[in-house]
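There are 2 protein chains.
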Amino acid sequence: MTEASSSEAASNKAVGNQESIRETGPSGDAFHVFDTTLRDGAQREGINLTVADKLTIARYLDEFGVGFIEGGWPGANPRDTEFFARAQTELDLRHAQLVAFGATRRAGGSAAEDPQLAALVASGAPVVTLVAKSHDRHVELALRTTLEENLEMVRDSVRYLRAEGRRVFIDCEHFFDGYRANRDYALAVVRAAHEAGADVVVLCDTNGGTLPGELRAIVAEVLAETGARIGIHAQDDTGCAVANTLAAVDAGATHVQCTANGYGERVGNANLFPVVAALELKLDRRVLPAGRLAEMTRISHAIAEVVNLSPSTHQPYVGVSAFAHKAGLHASAIKVDPDLYQHIDPELVGNTMRMLVSDMAGRASVELKGKELGYDLSADRDLVGRVVARIKKQEKAGYSYEAADASFELLLRDEVKGSRERFFTVESWRAIVEQTPAGGAVNEATVKLWAKGERIVSTGEGNGPVDALDRALRTALERIYPQLAKLELVDYKVRILEGRHGTGSETRVLVDTSDGTREWSTVGVASNVIAASWQALDDAYTYGLLRAGVDPEA
Amino acid sequence: MTEASSSEAASNKAVGNQESIRETGPSGDAFHVFDTTLRDGAQREGINLTVADKLTIARYLDEFGVGFIEGGWPGANPRDTEFFARAQTELDLRHAQLVAFGATRRAGGSAAEDPQLAALVASGAPVVTLVAKSHDRHVELALRTTLEENLEMVRDSVRYLRAEGRRVFIDCEHFFDGYRANRDYALAVVRAAHEAGADVVVLCDTNGGTLPGELRAIVAEVLAETGARIGIHAQDDTGCAVANTLAAVDAGATHVQCTANGYGERVGNANLFPVVAALELKLDRRVLPAGRLAEMTRISHAIAEVVNLSPSTHQPYVGVSAFAHKAGLHASAIKVDPDLYQHIDPELVGNTMRMLVSDMAGRASVELKGKELGYDLSADRDLVGRVVARIKKQEKAGYSYEAADASFELLLRDEVKGSRERFFTVESWRAIVEQTPAGGAVNEATVKLWAKGERIVSTGEGNGPVDALDRALRTALERIYPQLAKLELVDYKVRILEGRHGTGSETRVLVDTSDGTREWSTVGVASNVIAASWQALDDAYTYGLLRAGVDPEA
Chain A
1 MTEASSSEAA
11 SNKAVGNQES
21 IRETGPSGDA
31 FHVFDTTLRD
41 GAQREGINLT
51 VADKLTIARY
61 LDEFGVGFIE
71 GGWPGANPRD
81 TEFFARAQTE
91 LDLRHAQLVA
101 FGATRRAGGS
111 AAEDPQLAAL
121 VASGAPVVTL
131 VAKSHDRHVE
141 LALRTTLEEN
151 LEMVRDSVRY
161 LRAEGRRVFI
171 DCEHFFDGYR
181 ANRDYALAVV
191 RAAHEAGADV
201 VVLCDTNGGT
211 LPGELRAIVA
221 EVLAETGARI
231 GIHAQDDTGC
241 AVANTLAAVD
251 AGATHVQCTA
261 NGYGERVGNA
271 NLFPVVAALE
281 LKLDRRVLPA
291 GRLAEMTRIS
301 HAIAEVVNLS
311 PSTHQPYVGV
321 SAFAHKAGLH
331 ASAIKVDPDL
341 YQHIDPELVG
351 NTMRMLVSDM
361 AGRASVELKG
371 KELGYDLSAD
381 RDLVGRVVAR
391 IKKQEKAGYS
401 YEAADASFEL
411 LLRDEVKGSR
421 ERFFTVESWR
431 AIVEQTPAGG
441 AVNEATVKLW
451 AKGERIVSTG
461 EGNGPVDALD
471 RALRTALERI
481 YPQLAKLELV
491 DYKVRILEGR
501 HGTGSETRVL
511 VDTSDGTREW
521 STVGVASNVI
531 AASWQALDDA
541 YTYGLLRAGV
551 DPEA
Chain B
1 MTEASSSEAA
11 SNKAVGNQES
21 IRETGPSGDA
31 FHVFDTTLRD
41 GAQREGINLT
51 VADKLTIARY
61 LDEFGVGFIE
71 GGWPGANPRD
81 TEFFARAQTE
91 LDLRHAQLVA
101 FGATRRAGGS
111 AAEDPQLAAL
121 VASGAPVVTL
131 VAKSHDRHVE
141 LALRTTLEEN
151 LEMVRDSVRY
161 LRAEGRRVFI
171 DCEHFFDGYR
181 ANRDYALAVV
191 RAAHEAGADV
201 VVLCDTNGGT
211 LPGELRAIVA
221 EVLAETGARI
231 GIHAQDDTGC
241 AVANTLAAVD
251 AGATHVQCTA
261 NGYGERVGNA
271 NLFPVVAALE
281 LKLDRRVLPA
291 GRLAEMTRIS
301 HAIAEVVNLS
311 PSTHQPYVGV
321 SAFAHKAGLH
331 ASAIKVDPDL
341 YQHIDPELVG
351 NTMRMLVSDM
361 AGRASVELKG
371 KELGYDLSAD
381 RDLVGRVVAR
391 IKKQEKAGYS
401 YEAADASFEL
411 LLRDEVKGSR
421 ERFFTVESWR
431 AIVEQTPAGG
441 AVNEATVKLW
451 AKGERIVSTG
461 EGNGPVDALD
471 RALRTALERI
481 YPQLAKLELV
491 DYKVRILEGR
501 HGTGSETRVL
511 VDTSDGTREW
521 STVGVASNVI
531 AASWQALDDA
541 YTYGLLRAGV
551 DPEA
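In order, the protein sequence lines correspond to chains A and B.
Using our numbering, count along the first sequence one by one with no gaps and you end on 554.
Using our numbering, count along the second sequence one by one with no gaps and you end on 554.
Since the hints were made in silico from the structure, they are not lab data.
Where hints are given, some of them may not hold.
Copies of one chain are not kept apart here, so a pair can be met inside one copy or by any two copies together.
Derived pair list, reagent style DSBU-like, types lysine-lysine, alpha-carbon separation capped at 30 Å [what the hints assert, rightly or not]: (1) K393 x K493; (2) K393 x K282; (3) K371 x K452; (4) K396 x K493; (5) K371 x K396; (6) K493 x K392.
Could you build the full structure based on these sequences and the hints that come with them?
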């Protein structure tokens, strides 16, 4: 594998008048982890970042330890211009260098007079990535210029920015399609950029259609033909962006362009996190500062929060499901040696192993789950058998315990204690939803229950029937159990279990409840959404009171 | 690339007493597209399939044209046993063969007396996949037996099932980890299975930690060493499952195990859709019956609906964003030649190119949709503008018209006609859900409405409040509009739109209604599920009456 180094030392000096080049990781400048979440990642449908968002994400990326953060295209839109302006005073990057993105100068013009290139210099970023056409047909149809003029645009733009003291990377757009269409021309663009002083020539699979085998071969050929330092920018249209990035590195690329969580146009870009994890954990390359990999899960989720997308539960390495085990088959052996069933220790990336309870689970996973909750079940085979049998029966009826830890724990306690611990006994309840002639809506519920020997009748109103039922129940119980005042319903999910049966289907409700410090989930199943919700609420409050240390016998 | 064929012809005969082997695609038996959504895919956290769900998914997979559908583990849980029983009468597969999954016989026993193997035979499936340990440490720690006994378990189990007329595939669990740990033993397991009569030996990257370069090399070595027909089963823990599957095929594997939408334990399995698309479109292998690839997007989304997960918007090939372009810079070039900006023609996989952000795209798609529904809107720019504006406003409030064609058409008609066409005017409605002291449940609804100048008060009872409301509404209207008797609610879906707000969130309800020949979908959004359902029912019946040719003015 090629490790560019001597030419880099020279180029570092050239930008010394901007600011000193920092170490980008344990490999120094020899390997670049280049993040483009703020530029290419922001092209994802549904992402719309403010300047403040971009500054926050840049801080997270720097904390993670990437070497380069491409912040946007200054001059192309006011938001990106503002980002670079504020970055100078508001961003105190420790590891990363900020990169401005732009295009080669206009056809027929001169770089020195190109306002777009001037904006890149004015951004203050020490590094500039210039996008250049490398596919002959794109030069003719999109740029509407000659192949020779495009080469001159590359040379002129690179030389200009180098003279201005900038380090320059060239993104060769549509490189792999261009290489297939006109190999000589694609290589001529690489050589033009390299000879004009670009430090890295990045081969972009812009349309994302290249598979790893072919991509690896082309990267190796370009390296052999040109001697330029090569980077890779892969899009995920075939689902192979991570593999393509690793294939390029295997072929000798020493610069990888990625985005946090794989955000990007269409399907997305190569996901920074699995790329870095594979390099560090599987391919023995140290590309981050020591200790940063263990922050990966937290940083991935934090960035998802900033862009306002739910973190993908099934993302490699960092998803909450990435180390979750469900199969009963596996659970018995996981007890013996967890490493037999995980490809890495999840703590290396800041994640944790979780056991899920489902009807596929056997005795071993119930024992493990019990242990996680503080119940040692290993001595009582009958008890475990009863719990497994009851879970299977309940899940067949539509209950799902893998997302309802608290209901599972209550079920477990029932079996341990021999009967359900109850803080209250319900006599009846009723919910009414009404659309009035005047157009108003009424949601009202009444509960009749017994608690500590007392009969209580209480009515509540709410946004909907479940909300009204929740309020009636709280009103009835709060005088006797003031601990309930701290509890809040924070999420509520409904699923109709059997489709194709119209409104007569079974309904499953999941409720998440918080006491301000911890959350728990409960489940209810019934032929209607209100009755299912009632069950989940009953479990939620029973569990909350147990957690608060209230004794149901008292 | 190796194409096993002569040995397959022999094995086909062996199961001829079960049922004739069907063509699995244009490559016949030479290449297997093996789907395990119903078995391994169901291990995904959050998926909990009913038997009806499994039958529906099997039909979609068969329609897509996979060669094998692994349906579950009969005998291991009641649901899977029931699935195979019902499959015999309820599934009429045209392309696929049904596969039962199980494990090799118990250590120290005999295959002929193993109840688990007997259940596989009893399932009636013509093909059985047996999971076998191939990692020495797993044999010792998980199976707690000797390495030699494990080989005997493989031989004995395969021979038994072959003698029972089954075709047998062997899943070598943890193969790649095992190969690294004890190469000779891993190869011995492959040879034992092959020599005992297994048709395919599937190398499983069970923990998903292997990268494509190493995986490709190991597959090639196993092929060279054993001569067995090789399959691949890749998990996506490194984000490389698709690339790993393709790397194995490149090395000579002729059987790929995948799941729809990549569902599976932890991060998931190799995603069927990008694997098949790459094989067909990029690697020039015909692995599906002609014309099926163009159904891929629809089938991917339909399966997501059945498992009740939102289809991934950014899934390769089939995501709604997979061919979505931000307009602007390259718009003119895209007009000249769209193929410059997409890696394949999206129609090949049943998807479409979309232009984002542009108001023109919104207008264009409304015009197109109108045309599809029989309204020529091209002449009335104002009307189109009003419809676009109203859709934007409604979708912001939580409505979704993509899945609610009938509600969209009603909205369009409102704007065309100037006001909503009404068959009835509601004065008020009320739904009551009650849990009685005796433990019974009452679901009762009353509607008060006007139709053809008449005031009608009607009460209905049902399984739940929405069912009761539906019955009250039908009872009120059926005398006046007998056409309603033919309408049936066939599906009902609820989604809570904003999490983190407890039971006070906005609720979206989708209702599918049928008149016996066609189905339509309507949507309602409100702060409670009953009111949202009411809106969807109102749209459903209004649309149904319009479809039946009833004149609202009459």
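Here is what the structure says about each hint:
With identical chains, the CA atoms of K393 and K493 are at most 30 Å apart both within one copy (22 Å) and between copies (25 Å). When the C-alpha separation of K393 and K282 is checked against a cutoff of 30 Å, the pair qualifies neither within a copy, at 42 Å, nor between copies, at 47 Å. For a Cα distance limit of 30 Å, the shortest separation of K371 from K452 qualifies neither inside one copy, at 32 Å, nor across copies, at 66 Å. Both within a single protomer and between protomers do K396 and K493 lie at most 30 Å apart by alpha-carbon distance, with minima of 19 Å and 20 Å respectively.
Taking the shortest Cα distances, K371 and K396 sit within 30 Å of each other inside one copy (25 Å), while across copies they are farther apart (46 Å). With identical chains, the CA atoms of K493 and K392 are at most 30 Å apart both within one copy (22 Å) and between copies (25 Å).
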